[in-house]
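Participant: Please arrange chain B on chain A, whose structure you already have, making use of the hints.
2 protein chains.
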Amino acid sequence: MGIYLTVDIGGTRIRAATFSRDSIQPIEHHRASTRVQEGTAFDHIVTFIESIWPEKDKVEAIAVALPGPLDPRTGTILLAPNIPEWEDFPLGPKLVSHFNVPVYIGNDANLAALGEWRYGAGRGHHNLVYLTISTGVGGGVIINDQLLQGERGLGAELGHVTLQKDGPLCSCGQPGHLEAFASGTAIARYANEQMAAGVKSSLKPGPGLTAEEITRAAEQGDILASDALHRAGEYLGIAVANFLHIFNPSAVIFGGGVSRSGSLLFDPLEQTLRKRIFRSKYLDNLTVITAELGDDAGLMGALAWALHNQPN
Amino acid sequence: MGIYLTVDIGGTRIRAATFSRDSIQPIEHHRASTRVQEGTAFDHIVTFIESIWPEKDKVEAIAVALPGPLDPRTGTILLAPNIPEWEDFPLGPKLVSHFNVPVYIGNDANLAALGEWRYGAGRGHHNLVYLTISTGVGGGVIINDQLLQGERGLGAELGHVTLQKDGPLCSCGQPGHLEAFASGTAIARYANEQMAAGVKSSLKPGPGLTAEEITRAAEQGDILASDALHRAGEYLGIAVANFLHIFNPSAVIFGGGVSRSGSLLFDPLEQTLRKRIFRSKYLDNLTVITAELGDDAGLMGALAWALHNQPN
Chain A
27 MGIYLTVDIG
37 GTRIRAATFS
47 RDSIQPIEHH
57 RASTRVQEGT
67 AFDHIVTFIE
77 SIWPEKDKVE
87 AIAVALPGPL
97 DPRTGTILLA
107 PNIPEWEDFP
117 LGPKLVSHFN
127 VPVYIGNDAN
137 LAALGEWRYG
147 AGRGHHNLVY
157 LTISTGVGGG
167 VIINDQLLQG
177 ERGLGAELGH
187 VTLQKDGPLC
197 SCGQPGHLEA
207 FASGTAIARY
217 ANEQMAAGVK
227 SSLKPGPGLT
237 AEEITRAAEQ
247 GDILASDALH
257 RAGEYLGIAV
267 ANFLHIFNPS
277 AVIFGGGVSR
287 SGSLLFDPLE
297 QTLRKRIFRS
307 KYLDNLTVIT
317 AELGDDAGLM
327 GALAWALHNQ
337 PN
Chain B
27 MGIYLTVDIG
37 GTRIRAATFS
47 RDSIQPIEHH
57 RASTRVQEGT
67 AFDHIVTFIE
77 SIWPEKDKVE
87 AIAVALPGPL
97 DPRTGTILLA
107 PNIPEWEDFP
117 LGPKLVSHFN
127 VPVYIGNDAN
137 LAALGEWRYG
147 AGRGHHNLVY
157 LTISTGVGGG
167 VIINDQLLQG
177 ERGLGAELGH
187 VTLQKDGPLC
197 SCGQPGHLEA
207 FASGTAIARY
217 ANEQMAAGVK
227 SSLKPGPGLT
237 AEEITRAAEQ
247 GDILASDALH
257 RAGEYLGIAV
267 ANFLHIFNPS
277 AVIFGGGVSR
287 SGSLLFDPLE
297 QTLRKRIFRS
307 KYLDNLTVIT
317 AELGDDAGLM
327 GALAWALHNQ
337 PN
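Those protein sequences? They're chains A and B, same order as listed.
Here the working numbering = 1-based position in the first sequence + 26.
Here the working numbering = 1-based position in the second sequence + 26.
Hint data in this document are derived by calculation from the structure and do not stem from the laboratory.
Just to be clear, a hint being listed does not mean it is correct.
[Claimed, not checked] Mimicking DSS-like on lysine-lysine, the simulated pairs with C-alpha atoms at most 27 Å apart in a straight line are:
| no. | chain 1 | residue 1 | chain 2 | residue 2 |
| --- | --- | --- | --- | --- |
| 1 | B | Lys120 | B | Lys82 |
| 2 | A | Lys191 | B | Lys191 |
| 3 | B | Lys301 | A | Lys307 |
| 4 | A | Lys120 | B | Lys307 |
| 5 | A | Lys191 | A | Lys301 |
| 6 | A | Lys120 | A | Lys82 |
| 7 | A | Lys307 | B | Lys191 |
| 8 | A | Lys191 | B | Lys307 |
| 9 | B | Lys191 | A | Lys301 |
| 10 | A | Lys191 | B | Lys301 |
[What the hints assert, rightly or not] Far from chain B, some chain A residues (derived; all Cβ distances over 12 Å):
| no. | residue |
| --- | --- |
| 11 | Pro52 |
| 12 | Gly65 |
| 13 | Val127 |
| 14 | Gly176 |
| 15 | Val187 |
| 16 | Thr188 |
| 17 | Gln220 |
| 18 | Thr236 |
| 19 | Arg242 |
| 20 | His256 |
| 21 | Ala267 |
| 22 | Ala277 |
| 23 | Thr316 |
| 24 | Glu318 |
| 25 | Gly320 |
| 26 | Asn338 |
Just so you know, these numbers come straight off a predicted model, no measurement behind them.
All C-beta atoms in this analysis are idealised placements derived from N, C-alpha and C, irrespective of residue type, glycine included.
Bound conformation, chain A alone:
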């Protein structure tokens, strides 16, 4: 039986799973810390992949999801969070040399979009926009059943679009990006700023404040907490209107931890979207939904990516 081995390299954890072509139930599933104990980061990944390598079955391909930026055509990592030695690092070619199987590498948010399209909330859609909202805001876009990548694999950076020329600074250093308004970090920053300015709240201010705590406080009636999520939802609504004007998809899918804030985020999002759309036709038959694959989005996306590249 042909096996697909998928790896999801996150900032703190790496995960790997093996699949047969016909089932989305993993055969094996391993986890480890991203932190390298000894040797190089590449040795660490190789050892981890070897730990899940099937004893008997043939591995058809390895697919790797990383936060990027990376060039999926060449398999080169441009930068990897928490792995400083992987700057302009040819991870794909090096894994090919070592394991002697095809290797497909992709941006984790892009691959999560592909995973949702093939296995999750986006099944049956040909054009969809996926946004993952957690520490940052990542994106992935399917156009006519194809993954949007761009010339060098750097496309679909949907968190890094300007909504306000002189808005708050994004993690990337630029002003007014969607991520600077709607990420978990941005929501907590706004709540902290408001408390520093004297707004009363049950929240505990400080750098450790999370969007999850803010959601819980809002559910218990905290006005500032509710306002912080409302504001993020509004900016997401403006951004989604833009993405509808640009891509005219039939589905918008939200993943990431912050998307679990539910109606506190999505009610203002949908209200703003309705107000900001420039023709109502964009909303006809549009589905706005949360992702289905959860923590497995990276691994399932990598599986979808391998099968996308090996269609037969």
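Facilitator: Same frame as chain A, but now just chain B:
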């Protein structure tokens, strides 16, 4: 010899041309007013097409470019400027019934992008963004040699993305769109507003003020005129940074009358783009150029669209 008959229906003029498959030199080229003298707008278009219909040669297909919005899959016009009777009008199917040949319909800015990609400034590029700046701001996007259309053909409305949450109103009624900052109309509006606020200028204020006059005044040293173009260029730079983050193209092509303002517009555009790009990799091997097809962009784009749909 198989003939392709292309039609470009603008707000004031309609144009048509006939082409053989192998040459971009039109065999015939006709023009008329869009205004209907008698009968229906459809009769008017049919008569116009008949006027250029070849006597001997077989017509392989008709391709029609219109300002949209329209659904290229069904050939239905949702709205046509200056032709109020064409609301939800099945132009494609009606032309097919009348002429008994395949008919392909597309948004004129989208088709101009396709024309530039096939015949003009975008030759050899696989991923490009096209912006046409005149009365409004239109867009077209080529991704992996395919035209971005979206689920119902309403994609690539690049003039209708929000750059400033509470910015000036766009022609579509929404605040802060690119078109509200960078179209010819927006440039003239800004100059008029500044003069009304007491800024001195050689320009003649009033509703007739055009971007062309503003360009001429700027070339002769008028500070306000220069400032008005500079401001438009800055917002275009922010928008182009967004489009690079979204599409990662290898070319950005500018068409439309306002793009003839030259360095008055493009110097601030490029400076802002460099400042606003969130990773310099997006600028590697990027070409920012003006369109080559000029007034024929619609007709050539329609030809490209017909051949795109009839590849053999």
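Participant: All hints are to be evaluated individually against the structure, with a verdict given for each.
Facilitator: Each hint, compared with the structure:
Only pairs whose Cα atoms come within 27 Å are accepted, and Lys120 of chain B paired with Lys82 of chain B is accepted, the gap being roughly 23 Å. For the given pair, Lys191 of chain A sits about 9 Å from Lys191 of chain B by alpha-carbon distance, which is consistent with the 27 Å threshold. Among the hinted pairs, Lys301 of chain B with Lys307 of chain A is inconsistent with the structure: their alpha-carbon atoms are about 36 Å apart, more than 27 Å. This hinted pair checks out: Lys120 of chain A and Lys307 of chain B have alpha carbons roughly 22 Å apart, not beyond 27 Å.
Between Lys191 of chain A and Lys301 of chain A the alpha-carbon distance is near 21 Å, which keeps this suggested pair within the 27 Å criterion. A C-alpha spacing of about 23 Å is found between Lys120 of chain A and Lys82 of chain A, which places the hinted pair at or below 27 Å, so the restraint holds. Using a Cα cut-off of 27 Å, the hinted pair Lys307 of chain A and Lys191 of chain B holds, with the two alpha carbons roughly 22 Å apart. For the proposed pair Lys191 of chain A and Lys307 of chain B, the alpha carbon gap of about 22 Å is at most 27 Å, so the pair holds.
A threshold of 27 Å between alpha carbons decides the hint, and for Lys191 of chain B with Lys301 of chain A the separation of about 12 Å falls inside it, so the pair holds. As the CA atoms of Lys191 of chain A and Lys301 of chain B are separated by approximately 12 Å, the hinted pair is consistent with the 27 Å bound. No Cβ of chain B comes within 12 Å of the Cβ of Pro52 of chain A; the nearest lies about 31 Å off, and the non-interface call holds. With a minimum CB-CB distance of about 29 Å to chain B, Gly65 of chain A clears the 12 Å threshold, and the non-interface call stands.
Distance check on Val127 of chain A: its Cβ is at least 26 Å (rounded) from any Cβ of chain B, clearing the 12 Å threshold; non-interface status holds. The claim that Gly176 of chain A lies off the interface is violated: its Cβ sits roughly 2 Å from the closest Cβ of chain B, which falls inside the 12 Å cut-off. Once the 12 Å rule is applied to beta carbons, Val187 of chain A is inconsistent with being away from chain B; the minimum gap is 4 Å. Against the 12 Å criterion, Thr188 of chain A falls within the reach of chain B, whose nearest CB is about 5 Å from its own CB.
Remark: the non-interface label on Gln220 of chain A is consistent with the geometry, its nearest Cβ contact in chain B lying 18 Å away (cut-off 12 Å). Look at Thr236 of chain A: its CB is around 25 Å from the nearest CB on chain B, clear of 12 Å, so calling it non-interface holds up. No Cβ of chain B approaches the Cβ of Arg242 of chain A within 12 Å, the least distance being about 28 Å, so the stated non-interface status holds. Here His256 of chain A stays apart from chain B, with its beta-carbon at least about 14 Å from theirs, past the 12 Å limit.
A beta-carbon of chain B is positioned within 12 Å of the beta-carbon of Ala267 of chain A; the least distance is around 7 Å. With 12 Å as the threshold on Cβ separation, the claim that Ala277 of chain A sits away from chain B is violated: the shortest Cβ distance comes to roughly 9 Å. Distance check for Thr316 of chain A against chain B: the nearest CB is about 20 Å away, which clears 12 Å, and the non-interface claim stands. No beta-carbon of chain B is positioned within 12 Å of the beta-carbon of Glu318 of chain A; the least distance is around 20 Å.
With a cut of 12 Å on Cβ distances, Gly320 of chain A stays outside the contact zone with chain B, its closest approach being about 26 Å. Residue-level check passed: Asn338 of chain A sits 20 Å from the nearest beta carbon of chain B, beyond 12 Å.
Checked against the numbered hints given earlier, the structure breaks hints 3, 14, 15, 16, 21 and 22 and satisfies all the rest.
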